[in-house]
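A.B. asks: One-letter residues, chain by chain:
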Amino acid sequence: MTTPTMIGTHVDVDDLVVRFRRRTALCGVDLELGPGVHGLLGPNGAGKTTLMRVLATVARASSGSVTLLDRDVTRHTELRELRRRLGYLPQQFGYYPRFTVREFVEYFAWLKEMPADEVPTAVDRAIERVGLLDRADDRLKRLSGGMIRRVGIAQAIVNDPDVLLLDEPTAGLDPEQRVEFRDLLRTVGVDACVIVSTHLVEDVTVACTDVTVLDDGRAVFRGGPDELAAEAGEGTDGGDSPIERGYTALLRRVRAESR
Amino acid sequence: MTRLLRIELRRSVALVLFVATAVGGTAMMFNDTEQWVGRWSGLAVYLRTALVVLVPIVLAAAAWQGGRERRRRMDELLSTVPRPRPQLVLVRWGVVSAGVVAGCVVVWLVCAAFVAPVATYSGGGWWWLTLVAVVAVAAAAAVGLTLGQVLPWRLAAPVIGVAGYAGIGLLSFAGDSGRMWLSPVLPSHVVGEILPASASALQAAWFAGLGVSALTLAGARKRKVVAAPAAMTLAIGAVIVVGPGDERWTEDAAAAEQVCTGDVVDVCATRQMGFLLDDFVAATGETVQRLSRVPGAPRRILVNANSEARWSASDPVRIGLERYVDWRGGLSMTDAWGYRLRDELATAVLPPTQGCADWPAPDRDLAVVSVVAQLWAGATGDAAGADAEVLARYQRFADRPEAAQARWMQRYYEAARNCDAAALPALKRDLA
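Sequences listed follow chains A and B, in order.
Quick note: the first sequence, position 105, residue 105 per full-length UniProt numbering, numbers continuous.
Quick note: the second sequence, position 167, residue 167 per full-length UniProt numbering, numbers continuous.
Accuracy of the hints is not assured; some may be wrong.
[As the list claims (entries may be wrong)] Cβ-Cβ distance ranges computed for the label pairs, FRET-style:
(1) 175/A - 1/B: 40 to 46 Å
(2) 122/B - 77/A: 22 to 28 Å
(3) 150/B - 21/A: 21 to 27 Å
(4) 239/A - 74/B: 50 to 56 Å
(5) 180/A - 225/B: 43 to 49 Å
(6) 74/B - 78/A: 22 to 28 Å
(7) 326/B - 118/A: 55 to 61 Å
(8) 78/A - 175/B: 37 to 43 Å
(9) 326/B - 117/A: 55 to 61 Å
(10) 72/A - 150/B: 28 to 34 Å
(11) 121/A - 74/B: 20 to 26 Å
(12) 202/A - 74/B: 48 to 54 Å
By construction, these hints were calculated from the structure, which means they are not laboratory data.
Predicted, not measured: the structure shown is a model, and the values here were computed from it.
All residues carry an ideal CB built from backbone N, CA and C; glycine is no exception.
Given only the sequences and the hints, what does the whole structure look like? Please build it.
C.D. replies: Here is the structure:
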């Protein structure tokens with residue numbers, strides 16, 4: 001498959017607000033991302049999944065603008081072309097247990113409108129990249145939770161997306177698999193914009209080029225992992241690693257300021 | 001696309017539905033073979049009858065398939081893909097329909113193997129009836145798929161199946177009105193009747209409209225686009241409902257044409273039941289031979305599907321053989337309830353005396369005359385009500401020369417036809 005190479009901004013979010021009835025999930029979020037692996041951190045309920053769903057074109061913005069690959073996600077006429085270049089692993093990844101790994105990934109290749117002659121190679125490549133080639137003909141119901149998660153990643157990358165959205169991708173992966181997964185992220189992130197939503201801070205430290213921290217629907221930090229670690233001052237407790245301490249200190253400071 | 005269809009065929013309900021339809025449908029058809037063996041139109045009509053069970057199965061299976069996304073929590077992921085939803089819906093409907101239609105084709109082919117070798121009449125517009133059955137099951141697949149997608153209940157599939165069964169029952173068997181034609185089942189068919197192609201076309205349009213409306217609802221981004229096909233379908237439904245009920249059936253003159261064989265006594269069959277003629281002649285040859293020697297006895301016996309065996313002085317004697325068709329298309333000597341063909345024939349070829357005011361049926365002494373006549377016409381001893389003494393008397397009668405038997409029977413025919421009870425003592429005396 002010839003992947004369109006995107007130069008410049010892949011994701012441009014401007015003053016994004018998302019409301020669900022009376023609750024505001026995202027409040028004035030700005031984000032500008034290019035190629036690379038971008039971490040999205042935040043406590044539960046901070047709005048990470050909502051932001052991922054908006055970027056994945058599942059949820060709609062109440063106000064503000066969201067541009068992916070120079071296309072406005074609110075314009076229906078542009079959605080189809082845009083979605084061909086998206087990859088998405090939702091937090092709750094559903095699957096058809098009777099399908100084999102290969103069948104499932106192939107199914108998504110068809111759903112992503114890949115050219116038929118490129119599908120077999122792309123499917124095998126995606127399965128190989130997540131380390132499941134030896135289980136390609138096993139039915140999904142016979143796989144472990146970690147393997148299922150890797151199948152989810154395979155379907156997300158089968159079309160070599162320009163924007164790859166992974167919501168809690170390392171949940172259920174064992175340490176060795178997480179290391180391999182970070183390598184995969186780095187490879188994909190060379191050309192594509194990869195956004196990884198997680199609350200595993202160490203994933204961000206190792207794999208991400210920059211990180212955005214959300215709290216209570218607002219982006220409260222944007223910078224590199226080192227800069228986040230530097231948020232921890234002398235004598236800060238609440239974490240085993242510098243970045244965890246920085247993350248904890250940041251949230252405490254933001255919450256104190258907002259009171 | 002081909003590969004995707006193959007995956008869905010293997011992994012969806014299509015395979016299970018194919019097996020359920022093929023096995024269930026075949027079992028239903030072979031539960032009542034006398035209704036269709038040897039007749040193409042009988043096969044088409046009974047296949048439509050089998051839809052009373054098959055359509056609810058299709059509805060339930062398709063609803064299960066339609067709810068798969070939600071059950072497997074795939075809806076969010078699927079809402080992010082570029083492939084237009086109508087294509088996805090069409091693929092799902094296509095594989096479910098393929099499963100059920102393939103199952104119906106298997107049922108039809110198995111049954112056709114029991115029709116083709118013996119059938120003597122291929123008219124009657126049976127292909128129209130069969131085509132509507134195919135459209136109906138495909139529409140049921142669309143409706144089930146959509147309901148399964150729309151209704152967010154775990155038990156939606158079985159509930160939809162049961163509701164479908166009840167709905168078809170209400171439409172089909174709740175009296176003679178136009179709404180019976182909204183059902184895929186044909187409850188009021190009589191052998192020898194034909195449904196005009198226009199009525200089948202109307203039904204096909206109704207089911208196609210239902211299917212298109214359902215698929216539009218399942219696949220469209222905006223639900224209001226379903227308004228046009230739904231309005232058209234309702235209009236077709238209204239035309240059907242205000243139209244006639246049973247009166248849509250018309251006589252199939254070609255099926256009622258007679259083919260005959262015989263010499264003095266003609267044995268005839270309608271073209272539709274003609275496949276039984278040779279077996280009937282072989283089974284009843286002795287009685288027919290005897291009749292030919294008796295002046296005043298019937299000269300024409302008409303075999304048809306399901307008329308009550310009856311005597312007629314001027315018309316041919318009629319005998320309905322549908323109950324005696326065996327599962328291979330041959331003639332069985334007894335029906336499912338144990339009635340015997342030769343008893344029925346004997347009843348049909350003798351003048352009825354139940355209406356004669358003073359014919360002494362309860363008088364055992366004189367009733368022996370009627371019993372001997374029935375035994376002569378081929379009835380079994382049980383059916384004629386003969387005890388050992390009467391059987392012995394009949395045996396002596398049967399040992400007489402054929403001409404003597406024929407003369408006695410001629411006198412019996414005259415007496416019975418004229419309700420001449422006064423002739424009975426003399427007839428009884430001559431039996432001694």
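A.B. asks: The structure should be examined with respect to each hint, and the outcome stated for every one.
C.D. replies: So, going through the hints one by one against the coordinates:
1. 175/A - 1/B: 40 to 46 Å: Cβ of residue 175/A to Cβ of residue 1/B: about 41 Å, so the range 40 to 46 Å holds.
2. 122/B - 77/A: 22 to 28 Å: violated, 55 Å
3. 150/B - 21/A: 21 to 27 Å: holds, 23 Å
4. 239/A - 74/B: 50 to 56 Å: Taking Cβ atoms as reference, residue 239/A and residue 74/B lie about 37 Å apart, which means the hint is violated.
5. 180/A - 225/B: 43 to 49 Å: Given range 43 to 49 Å: holds, Cβ gap about 47 Å.
6. 74/B - 78/A: 22 to 28 Å: holds, 24 Å
7. 326/B - 118/A: 55 to 61 Å: The hint (55 to 61 Å, Cβ to Cβ) holds, given that residue 326/B and residue 118/A are roughly 60 Å apart.
8. 78/A - 175/B: 37 to 43 Å: Violated - the Cβ-Cβ distance for residue 78/A and residue 175/B, about 57 Å, lies outside 37 to 43 Å.
9. 326/B - 117/A: 55 to 61 Å: Holds, at about 57 Å.
10. 72/A - 150/B: 28 to 34 Å: holds, 31 Å
11. 121/A - 74/B: 20 to 26 Å: The hint (20 to 26 Å, Cβ to Cβ) holds, given that residue 121/A and residue 74/B are roughly 25 Å apart.
12. 202/A - 74/B: 48 to 54 Å: violated, 31 Å
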